[in-house]
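Undergrad: Sequence order for the protein chains is A, B, C and D.
Following my numbering, the numbering of the first sequence begins with 1 at its first residue and continues without gaps.
Following my numbering, the numbering of the second sequence begins with 1001 at its first residue and continues without gaps.
Following my numbering, the numbering of the third sequence begins with 2001 at its first residue and continues without gaps.
Following my numbering, the numbering of the fourth sequence begins with 3001 at its first residue and continues without gaps.
A portion of the hints provided could be inaccurate.
What the hints assert, rightly or not - Stretch by stretch, here's where chain B covers chain A in the computed footprint (C-beta under 8 Å, at least three residues): (1) 36-46; (2) 127-135; (3) 196-206; (4) 230-240; (5) 349-358.
As the list claims (entries may be wrong) - What the simulated footprint calls covered on chain C by chain D, stretch by stretch (three residues with Cβ under 8 Å from a Cβ of chain D suffice, anywhere in the stretch; the number is not a length): (6) 2299-2307; (7) 2333-2343.
Just so you know, these hints were derived from the structure itself, not from any lab.
All C-beta atoms in this analysis are idealised placements derived from N, C-alpha and C, irrespective of residue type, glycine included.
Number of protein chains: 4
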Amino acid sequence: MTEIEIGRAKRARRAYSFDDVAVVPSRRTRDTDAVSLHWGIDASKFEIPVLAAPMDSVVSPTTAITIGKLGGVGVLNLEGLWTRYDNPEKVIASIRKLPEEDATREMQKIYAEPIKPHLIEQRLAEIREAGVPVAGALSPQRTVEFHDIVVKSGVDLFVIRGNTVSAEHVSPTGEPLNLKQFIYELDVPVIVGGAATYTAALHLMRTGAAGVLVGFGGGAASTTRTALGVEVPMATAVADVAGARRDYLDESGGRYVHVIADGGLGTSGDIVKAIAVGADAVMLGTALARATDTPGNGWHWGQEAYHAELPRGNRVWVGQVGPLSEVLHGPSRHANGHSNLMGALRKAMATTGYSDLKEFQRVEVVVDPTA
Amino acid sequence: MTEIEIGRAKRARRAYSFDDVAVVPSRRTRDTDAVSLHWGIDASKFEIPVLAAPMDSVVSPTTAITIGKLGGVGVLNLEGLWTRYDNPEKVIASIRKLPEEDATREMQKIYAEPIKPHLIEQRLAEIREAGVPVAGALSPQRTVEFHDIVVKSGVDLFVIRGNTVSAEHVSPTGEPLNLKQFIYELDVPVIVGGAATYTAALHLMRTGAAGVLVGFGGGAASTTRTALGVEVPMATAVADVAGARRDYLDESGGRYVHVIADGGLGTSGDIVKAIAVGADAVMLGTALARATDTPGNGWHWGQEAYHAELPRGNRVWVGQVGPLSEVLHGPSRHANGHSNLMGALRKAMATTGYSDLKEFQRVEVVVDPTA
Amino acid sequence: MTEIEIGRAKRARRAYSFDDVAVVPSRRTRDTDAVSLHWGIDASKFEIPVLAAPMDSVVSPTTAITIGKLGGVGVLNLEGLWTRYDNPEKVIASIRKLPEEDATREMQKIYAEPIKPHLIEQRLAEIREAGVPVAGALSPQRTVEFHDIVVKSGVDLFVIRGNTVSAEHVSPTGEPLNLKQFIYELDVPVIVGGAATYTAALHLMRTGAAGVLVGFGGGAASTTRTALGVEVPMATAVADVAGARRDYLDESGGRYVHVIADGGLGTSGDIVKAIAVGADAVMLGTALARATDTPGNGWHWGQEAYHAELPRGNRVWVGQVGPLSEVLHGPSRHANGHSNLMGALRKAMATTGYSDLKEFQRVEVVVDPTA
Amino acid sequence: MTEIEIGRAKRARRAYSFDDVAVVPSRRTRDTDAVSLHWGIDASKFEIPVLAAPMDSVVSPTTAITIGKLGGVGVLNLEGLWTRYDNPEKVIASIRKLPEEDATREMQKIYAEPIKPHLIEQRLAEIREAGVPVAGALSPQRTVEFHDIVVKSGVDLFVIRGNTVSAEHVSPTGEPLNLKQFIYELDVPVIVGGAATYTAALHLMRTGAAGVLVGFGGGAASTTRTALGVEVPMATAVADVAGARRDYLDESGGRYVHVIADGGLGTSGDIVKAIAVGADAVMLGTALARATDTPGNGWHWGQEAYHAELPRGNRVWVGQVGPLSEVLHGPSRHANGHSNLMGALRKAMATTGYSDLKEFQRVEVVVDPTA
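Bound-form chain A, shown alone (with noise of 0.2 Å):
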């Protein structure tokens, strides 16, 4: 670790973007075909490593459906427009419309009607109902109120996810979420996030989670560092979380945590980036959200762009290439790395000649901030 001086009472360390670093071929070439993509967390298998963000403008029970079938899966928001609305889609027909000036003042106001209980059922039901991994994600903050009703409902995966998560939340006044106590309870392998550090990752390790996401989930919907000054570049990010990966592994006699990068991940290239430095599985948001069949058709937005205080996020459009079939799978019509993503990820381990993804973890990286 290099230190770095910022003056007299401030030391710092540098870190790294996806943009700055780059993969290197090795001398040994390979077949695409003779790549494998398969990963696995606990007892739940995926052809593809890559989580759907639970973000209303990403994942429907229908995308879920269709995710899943392509190999993945697609993490439901337990909090967002499909359980607080009987008839969401009349809801975002209406978000996608709004003049950007009114934007987040109304999705602020459509944000503030009241979870249902009984939509959380409904969704995940449905999702389950067509034979696909069923997932769903809720914020540290309301887990402890509605974790009963989803494990009930029967999830593969459970996601908490926020901003920053941590195994340790001060709160004076209300009882914070008890993670480790928490997931030792529930039956079902559950994934935290975002985190951003070694000791963070290491702490959320602690608690029992199967997988940990990496970064704020940030990229094109999130302005944390312009508003709040925080910020972890995602590939140093991910290289240091593997590290308390390796560490725990040891610490744990054998506990395999996973590491899911969840956040600046906007093309191929970038998901290329963080298997190479250290991830075993992305987590994509703006990266599904220019496929044509999602709910956002086009428009993309994350829970902090309706943030009743303080938003930190846009409601931003990011564009549409093609159905999520060509989005994950291709074929490809364009150059831009916004299309047949796991193609490109076959394309670039074959490259750089290494056949399955834990093996690709090793590939040779390069530092190049001017490119």
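The hints should help you fit chains B, C and D onto chain A, whose structure is shown.
TA: Chains B, C and D alone, transformed into the frame defined by chain A:
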């Protein structure tokens, strides 16, 4: 300190601006309610660590009162329009309307009007009557001439502010301000600056100042780097002066001189970073000029903009986001770091696990210049 | 080699592109007349170190002849339009007219037409008859199928070119090309690549190749970094492969394998830098596509642009500057590094005091990424 | 000197441009009145350290007189339009009106007109009669041919200026200029350059030159980096040559050779930085071309722009700010560093506590490439 060789006959030091750095979460998180933003300097206590910069586009007697009620302190420019004109509102309205190409020239004429001592008294009295903290600023050049009337008017904070203020000004012709003797004789706490280096700040601390301004009052309204080649990137400047605070605390046997970042603070993220690298409080110009109830009404300018011989800033349009109350305390309707500045600071501290400003100076920081 | 810690579980190396570096004058200067650009590989001798890239927008039999007469060598793409169509001019004209949004899709169709072996023979014969050096290129995938007919057609240089070509391709299904055996059996000098690292290049050298292409054929027509996350900045790649040349020279007891930079060479300045960091010659695509007498007529595209599943490049408009003679030898009417490429190389060598290409590989170089 | 590994076979050095650096205040400040800008070279004494560059868009006999009266010295280009045409004003007017696309080609024709020796004499006489310092420039190529007439005309300073001038020019055909002998035999102080490295400058100093120009005359009118790949970032070049000055001072037992920055000096901030890293004076092109009373009238071009074979610069529109008197001495009506250049230098020196140019070479400097 890393020394860099520019060339055989010159060495330099790497310096960092706020844009180069970001704050990193720790393993703990907190409720935002559990975060305190209290700050105090000598006998004065404030709910938020904010001084409004003595610039005519930001602080009038009226906005000084508003800002005082919102928990901070507005510093009135005592050699600006409010002490040159009986009716400055009219003059300001005319400045706002100046066409781009004439702005500098016309402002040079407007500010040629002499300062009226009785207006200094009258403006400060107006603020005092509202029951909020009273603070006024003079340049070092004017301090000898007008300090008597300022002190007599009963200020809580006396600010001596110039582009660069040193404890050791050399003047072959006139009698320069002897800061040490001057501050000793005054009865009120004095904040003095800008200083930008460890040594310059240490010497200012030894004059008996209660606080030191760090920076050149830069940002949107200043072009010092282009015109003078002079700059000290703010993150390094604040961290250096925080180092001087620590060393002077020891040298003086316990006198804590406050470090106030002044310049480069355009967004809530910048304010977060200023505290994170060592500032006790911030002096805001641009960030407050965006309020709808400041005199500039979206226009902003500093003393540099109307310098008679060598203007080094411009009258700039900074846009508008809402009233001062919303700029400082929200709720925010935008995600650009321009409103709810204090909510953002609170959130950043909560997210990274800190509960008061002094603790937050220890938060971890990373460098990522390409972000 | 400076190793950088990306994060706890990943280290990387800093790499440099041509934009990051510049050449520095020494204490000597020379007349440009006193500079030689001669280059030779095996029995072939050339007046200038330029191979035209096997891209349909750059090399037709006609332009191969022109380039040969101008002192370089045009490498014909043997699996492009000239060997798929009897009358490719018509097809190329239609490609130039494709609207932006359909270009990739339509080119995917056009290039689906099968390759005709007799056209390979016919096109190469046409070049040979003009009395200039004959060179043709195949991808590794096609080499097994078509190399017989190529060799029979009597080429002076045989180029095997892919995005990444390794000496050790792993294919579970087909029988991959055994480069070593293949090159051994051939009678003509083989140039093979792209390679981008020391190790990959060293292994290619051991196959008996006469030259190694460095790069991915990148530049204007490629988006490999965005789509695949793969990149080796060119200055580092060339300098690394030049290191492999030096080490292989020793290991082989004197076999000098030529290093040919291929990609990122958009201006005469880039060509200068490629030689300066160790290249023996350059393969030019974009830089020649700007000539008025190339097939693309200002449009440019590579194999990546019409890949059936995963296009990683675009048909791009590169503009036009004059005939090939002017592009290569001037006189120049512009100062943008787009014409008189060889005059500029000569001038750069004269200015810095060098008289031949091999010596110029020792010129001093500086890094200034911000320029 | 930090050495960087570009790749296995190439090492380089990090170099810095003026944009990469900034000047830092010290603990002392001064009145601007207390600052001296005096500069002298041999018998010539100047009020300001400014030489106007020998470019036809900047220096005519008339502007040479104006600049002389303003305290600097205008160097007339003795192989430009004033010595090729009896009535150059008309020719210049036609250059200003050339359409963008024809400018280079037409200027190549205009400058093909032969140089008239009698005009050299006549132009220099015109300047001498006004009682200001007389200075003229030739390229190394023309020096042998015309130096007699120049010396006979009675110049105070003789400038030999080319893109790169070395003490050791190798020419297999002609007899190159033997600088050492030539300078020894001349009676006037010679300023020679550009040089850009320690070694090249040291050798030029040993020829007996009174001053060395550092740079390529770059800036707005030059595209050397793009066309030739050649560049030495100016802050490093000046600091290196200042190192040569120091070492030669010792080696020669006390001969102080002046270092004159020539290129990259577009703003007053750049001039400040040039002195700060070691220059004794500056040669200005672009910065003066913005004056309303220069021949270019807002247009600017150098020798590179009309090179017959390989133009490496353009005729560029640099804008206009006011008469030469305002550009050099103000008052300024803008904050962009384009006017009151000397006022800005004085202010920068006062702000950082320095009273003369030689002292100011010791001012502290920081590196912040992202600013």
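Undergrad: Taking the hints in turn, state whether each one holds.
TA: Structure-based check of all given hints:
{"no.": "1", "hint": "36-46", "in the structure": "violated (count 0)"}
{"no.": "2", "hint": "127-135", "in the structure": "violated (count 0)"}
{"no.": "3", "hint": "196-206", "in the structure": "holds (count 6)"}
{"no.": "4", "hint": "230-240", "in the structure": "holds (count 5)"}
{"no.": "5", "hint": "349-358", "in the structure": "violated (count 0)"}
{"no.": "6", "hint": "2299-2307", "in the structure": "violated (count 0)"}
{"no.": "7", "hint": "2333-2343", "in the structure": "holds (count 7)"}
When held up to the earlier numbered hints, the structure conflicts with 1, 2, 5, 6 and fits the remainder.
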